[in-house]
Structure formats: C-alpha cells, structure tokens
Amino acid sequence: MNLFLASLGFGIVTAAVLAIAAVGFTMQFAVTDVLNLAYGAVMIAAAFIAYAVNQAGASVWLGMLAAAAAGAAGSVALNTGIYTPFQRRGSAPITLVIVSLGMTLIIEFGVQAIVGGTNVSYTMSQGPTVRAGGLELTAVQFVIIGLSIAVMAGVHGLLRYTKLGKAMRATAANRSLARNCGIRTARIVTVTWALSGALCGIAGTVLAINDGSFGATSADLFLVLILAAVFLGGPGQAYGAMAGAVIIGLATEISAAYITPSYKDVVAFVILLVMLAIRPAGLLGARA
Amino acid sequence: MLTTLRRTNSGRRPVLAAFIAAGVATAGSAGLAACASSSSSPAGTSPASGGTLTVADLAPFSGPDAALGPTYLVSCDGATQTINQAGGVLGHKLTCKGVDTRGDPADAVPAARQMFATTSGLALVIGVTSDEAASVVPVINADKMVVFAMTGQSEFDSVHFQYFYRLVPPDLEESYAMIAIAQQLGYKKIALAFGNDIGSQTFIQPAISAIGKAGMTLAANETLDLSASTFRTEAQKIVAAHPDVILTEALGPTDATFLSEVKQLNGGKMIPVIGTSATISPDWYKSVAAAVGAPVLASGFHADNLVTETSGPSYTPFYNAIMSQRGKTGSTGNFATYLTAPGAVHLYDGINLAALAMTEAKSTSPAVYAPYIEKIGDGTPGAEVVYSFAQGVAALKQGKAIRYEGPGGPTSFDSYHDSTGIFQIDTYSPSGAVQVSGNITPAQLRALS
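In order, the protein sequence lines correspond to chains L and B.
Each residue of the first sequence is one higher than the one before, starting from 1 at the first, in our numbering.
Each residue of the second sequence is one higher than the one before, starting from 1001 at the first, in our numbering.
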C-alpha cells in the first residue's frame, strides 16, 4: 500500500510535468499542422538557458522565465526559418516530420557541443518533504504540480475566453475559412509558436528540476511520452493532452511499483495502442 | 463541453499514420545521430613518410555515456602531445580523433567501419567500452588494427583477438572488489542499482554471486533505464529494503538523479554508495555532487579502482601530459580527477606502449609492431625500465631492451593480452579530489570469486 501511494505521488508529479509539455505540443500541432519532433530538443536547450541564469546567481524560477522566453523565441525562429519555407513549397506532412527530426539532431548536438557530455543540476533547495502514508513529495514538487494546474487553467482561459484563443481555434479548425472571416492567420500561427515555445521552455525547466540532473539528451525518451500523451488524448486536443498526460504519468509510475521499472514506458504504449484500436481519434477526438 | 482545437473527423488512418511516422522517426533518430557524429578525413590508412599518424578514440561521445569519449580524448591528446614533443614516432607526428559510437553496439559498427574508411594514417584505436566492445572488437581485429580497450567484459578473458589489448580488469573482478570494499566497511545488506547498458549490466551476476559467498544479503536489485528521466520507484524500492549500502554504476545523468531521489526518499539522509572505477571521473563527480551535495558524497562514497601511481618517475610526465590539456578538452569539473580516472591512466599507458612498440619495430604497421607491445610491457630479462616515451626512445637508440612502466604500474599480459593490476579503494574529498583510503588484496578477491 505504501509503495502504491508513493507511486501515485510520483505519477502525479510526472503527469504535471508531462501535461505542461503535452499541451504546448498539441496546441502548436493543432494550429500549425507541424508534428514538431524538435520539441524535446528545444525543451532541453531552454533548460540549459535556465541553468545559465541560475549559475549567474539568480533563482531557478527566474531562470524558468528566461527559458520560457528563449523557448518562445527559438520556436518562432524554428518556424520562420525552417518549417514555413517548406510549407510554402507545399511539402508533405511526412517531409516536415523528417525536417523536424533533423532539427532535433541539430539542436541536441549543438547543445552538446556547447555544454559537453557533462550533466548538470540547478542550484536550488528541494524544500521540506511532506509525508502522508506512503506518499512523499517535496515542496518543489508541490510547486511543480501547482504550476502545472496554473498553466492548464491559463490555457483553458486563453482558448475559451479570449479573442486570441478563439482565433487560434478557428485557425486550427479551418485556416482558409478563418482567413476569409478576417482572422490574420499568419499572425495567429506565429503567436501559437511563441506560446507553445514558452510552454516548451517551462516544461524543459520543470523536467530538469524534477529530474535533479540533466544533460543534452535528457528529453529523448520524454518526447516519446509527450507523443503518447498527445495521441492518447487526441492530437490537437488541449484537454485530451491534459488527460493523456495524467493517464500516462500515473500508469508509468504505478506500474513501475509492480513490474520491472525498466518496462514502465512500455505500459504507456500498451495503453496507447489499446486506446487507438478502440478510439482511433484518441480519448477526446471523437467529440469534435 | 471541452474546448477543441482540431477537428479529428478524418478517421483512424491519419491519426495512426501520423503517430507511426512520428514513432518511426523518433526511433530512427539514434541511428541517424551516430551517422552524423563521426568526422571524416581523407581516405586511406597508410601514412605517407613523415605524415601524421592518427590515434582513434572509438567511444561514446553522445548518449548516456557521452562523458567517456572525452575522458579518453584527454589522455590521448596529453600522451600524443608528449610523444610529439619527444620527436614523434619514426618521424611521424601523432594526432587524436574522436569517433562516436553513441554507446550503442548497433551504431558502433558503422562508426568503426567509417573510421577505417576515412581515417588517414590510422595507427592505433583506443577507447572501446563495454557498450560497444562485443560488436566492434571483431571488426577492428579483422582490420588488423591494434586496440587498447576499456571494456571490462569477461568474454575477453577467454577469447583471443590478436590485436586486442586491455589494461583494465574484467568486470567480474571489479564486482568482487566492490563486495570486498563492502566487507571492509562492515556492510551486510547490499542493494544493486546498475544502468541498463551492457557495460553496467555485466557487474550484476558476479556481484550477486560474491554477495552470497561473503555471507551478505541482497536487499534489492534495480536496473536503471539510462534513457528515463526519473527513478523514483526504483529509489523507493531500494529505500524500502533498508540496505546498508548501494552498489552502482549508471552513467550520464542517471546516478545523479537516482541518488538524489534516494536521498530525498530516505528522509534527506544518503545511503552509503560504492561505485565502480567508472565513477572515478570528473563528470560523474560533478553531476552527482551537484545533485546530492559535495559533502554528502564525500562522506558516504567509495569506489574500487586499479592502483595507480601518485608520485615517482612515471607520475611526473603523466601529470604534465594530462594537466597540459586543462582548459583545452575534457570536463569543466575538477580536472585533477583525470589523474586517477582509469580511462586516462591506462590509455595513456596504452598509447605509450604502442608508440614505443612502433619505434622498436621500426614500423607503424600494427601487424609488425603489435608483438612488441607485450615485449615492452612485460619486459625481457635485463631490460631497462623506462617511465616515459622519451626515456624509452633514448634507451632504444642506445640499443638497449626496454620495459615500460607507466602510471598504471607494471604490466603483465596473459595469452589474451589482458593485464590486470591490483585494486585500491578511492573516495572523493568535498572539492572532488580523489583520495586513496585503502587497498584490496588479491586474497580478498580470490575469496569472493
């Protein structure tokens, strides 16, 4: 029972980190039609920006803001400089997937060329540990959970109640029609890249905080979990990504308590495959 | 009703196809990365007269074990610079080249083949960890190239490869050494936490066997997936088993993350740790000390390591060679840690042995100079002991037989070209300096084997 509660706690934290990343990923995918596999590499690049700020003596939370800004700027640059020219030429979606894979390698190896193979940690305190039954979480992990909830609420508010959010939804649903209705879709696409990049930067920093130590390749497997959460929830579904993140996060950590932990990520994909077999559009996709 | 960003009315195929494409593309990234990482140079392997000879550092430069390749490169750059300052080998200058295996046997073979196809004047290969040794050593041997390998895999104890040389102990002996350290420190309940890479997994079975022979208890045995980002469940299982000590080797960020989680889940108290010799590395120290705290690591960590010189005639040129690379290559951590890092010490010796063998054989062809490695390492009766390449060349010019003894101590090659030294126990100071805290006798190891 204690191990179950402990795993439940770990799962909630993993889900919190995953949710921030997955929502950013799916939001960008929905509006821009680019399956951006470089997302994980940008996450880690942003985490290193936060590390640089942290090493300069600032709080890691300030570093996270810098990472968000860097993630936003980097993602906009990635779209403007790389993806948009391919889209203008009418490249097939699979071509853009390969391009994004290439960008993953370029960014990841670029980061490794700068920081080397060494792994680093933020200078920060984890704060006191709270114990309840078998559940054990540090103050920082509570902050991460709180931050994730705040981000989810923010994304909900943005999409549901703001003009920008409605324009994003319209662009995602039908770009031509949205343009004909007077929505400046090109600008919406750029703003979406910036927003998803900011979430990417935040996700990279909280991943690095949560892991305790990170290097240039630390997001490799995490990207696969992001994809699992996104496709489990239904690609392009912000709330689906949130639900997918919770399911994947809890399933991986709780299963690890009862099977060899090395196989915990396999469990995530078994769930995903079953889900895709039953509901091909994902958890929330069929509602549209 | 939940907010929807995208219509998903297009049926199952696009969703599945996109996911499969993404999965395939993501899985393929590792392979592409390996192809993308090795450098190239003009084709051909025979050096022109007076041309440059290349020492290839075939090891992980990316992936979880990415710290290993640069460690070996520090040794290579230091050793070759010293050799070049002494006039080079038969008029040839030496240079080093890193070849990335990503620590993956599947990526390592094409990387090795590309190395042979594109490296001009290739005269020696170093590196070759347990991650890739099983797949690349046969390739290197087939190409008749001398390799000084860092692998500890026990299969090389009993399979003869003509061009394979090893100055590090087999992993099973290291496993016994770790248990011997635990015995010395009075620990009874042992937990194992090793990475899921080939190089780390080879420690587990010998360790379990030695735990039984030592009358200890195996409290937990957790495998750490090096590609995972957290290990809380594994840490929780180990903490719940209440071990006296954790034996570990999980490189990359894994040990740092795992041990910080153990500390957190153990109420902020670290469980003592015994590491393999691979944990004696500035990169490992830097990442783990940052994660758990340097004083914590200094007070509760031991590692086995081969006995290396810390003074004397072989140490000074070694010290100068390694420290000359500070700021040029390698880790940004405590650079002096390289002076005891197995990869730095034993590959420095390997490069010097090979260079002296070329000099005595008057040939840079591995087929010709390889037999001289054993002759110079083990020595012949009456041979003059030399402690550096420069001393060796001077003695050879005088027509003397030589025996090279470097900072890794005297060598004694067996019929499989393995030369195993004796073990010491290392600890870290809070500043990351390596300290010797004791020795392990051959009798202790025999009792556990």
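For the record, the hints were derived by calculation from the structure and aren't laboratory data.
Be aware that a few hints might be false.
[What the hints assert, rightly or not] Incomplete in silico selection of chain L near chain B, CB under 8 Å: (1) Ser7; (2) Ala73; (3) Val120; (4) Ser213; (5) Val267.
[As the list claims (entries may be wrong)] DEER-style ranges, computed between Cβ atoms: (6) L:Gly127 <-> B:Ser1429: 44 to 52 Å; (7) L:Ala58 <-> B:Lys1188: 53 to 61 Å; (8) B:Ser1209 <-> L:Ala113: 56 to 64 Å; (9) B:Asn1141 <-> L:Ala58: 35 to 43 Å; (10) B:Ser1209 <-> L:Leu3: 35 to 43 Å; (11) L:Ala58 <-> B:Val1307: 56 to 64 Å; (12) L:Thr80 <-> B:Tyr1315: 53 to 61 Å; (13) L:Tyr258 <-> B:Asn1084: 42 to 50 Å.
[Claimed, not checked] A partial selection of chain B residues facing chain L, derived with a Cβ cut-off under 8 Å: (14) Ala1067; (15) Ala1220; (16) Arg1232; (17) Ala1241; (18) His1242; (19) Glu1261; (20) Gln1264; (21) Leu1265; (22) Asp1283; (23) Ser1287; (24) Pro1295; (25) Asp1378; (26) Pro1381; (27) Gly1382; (28) Gln1424.
All residues carry an ideal CB built from backbone N, CA and C; glycine is no exception.
**Study point:** Hinted contact B:Asp1283 with chain L - closest CB pair below 8 Å
**Key:** holds, 5 Å
Review point. Regarding the hint that L:Ser213 lies at the interface with chain B, is the smallest CB-CB distance below 8 Å?
Key: With a minimum Cβ separation of about 3 Å from chain B (threshold 8 Å), the hint on L:Ser213 holds.
Point to revise | Interface hint outcome for B:Ala1067 [beta carbon to chain L under 8 Å] | key: With a closest approach of 4 Å, the B:Ala1067 hint holds.
Review point. Quick one: are L:Thr80 and B:Tyr1315 within 53 to 61 Å, going by C-beta?
Key: Distance hint for L:Thr80, B:Tyr1315 holds at roughly 56 Å.
**Study point:** Interface hint for B:Gly1382, Cβ within 8 Å of any Cβ on chain L
**Key:** violated, 45 Å
Point to revise | Interface hint for L:Val267, Cβ within 8 Å of any Cβ on chain B | key: Violated, about 12 Å.
Check your understanding: So the hint says 35 to 43 Å: do the beta-carbon atoms of B:Ser1209 and L:Leu3 match that?
Key -> violated, 28 Å
Point to revise | Residue hint B:Glu1261, partner chain L, criterion CB-CB below 8 Å | key: Holds - the Cβ of B:Glu1261 comes within 8 Å of chain L, reaching about 7 Å at its closest.
Check your understanding: Would you say the C-beta atoms of L:Gly127 and B:Ser1429 sit inside 44 to 52 Å of each other?
Key -> Roughly 28 Å apart at Cβ, these two residues miss the hinted range, so it is violated.
Check your understanding: Does the Cβ-Cβ separation between L:Tyr258 and B:Asn1084 fall within 42 to 50 Å?
Key -> Hint violated: Cβ distance 59 Å, outside 42 to 50 Å.
**Study point:** Distance restraint evaluation - B:Ser1209, L:Ala113, Cβ atoms, bounds 56 to 64 Å
**Key:** About 42 Å separates the Cβ atoms of B:Ser1209 and L:Ala113, which means 56 to 64 Å is violated.
Review point. Holds or violated: is there a CB of chain B closer than 8 Å to the CB of L:Ala73?
Key: violated, 23 Å
Of the numbered hints stated above, those contradicted by the structure are hints 2, 5, 6, 7, 8, 9, 10, 11, 13, 15, 17, 18, 24, 25, 26, 27, 28, listed in ascending order.
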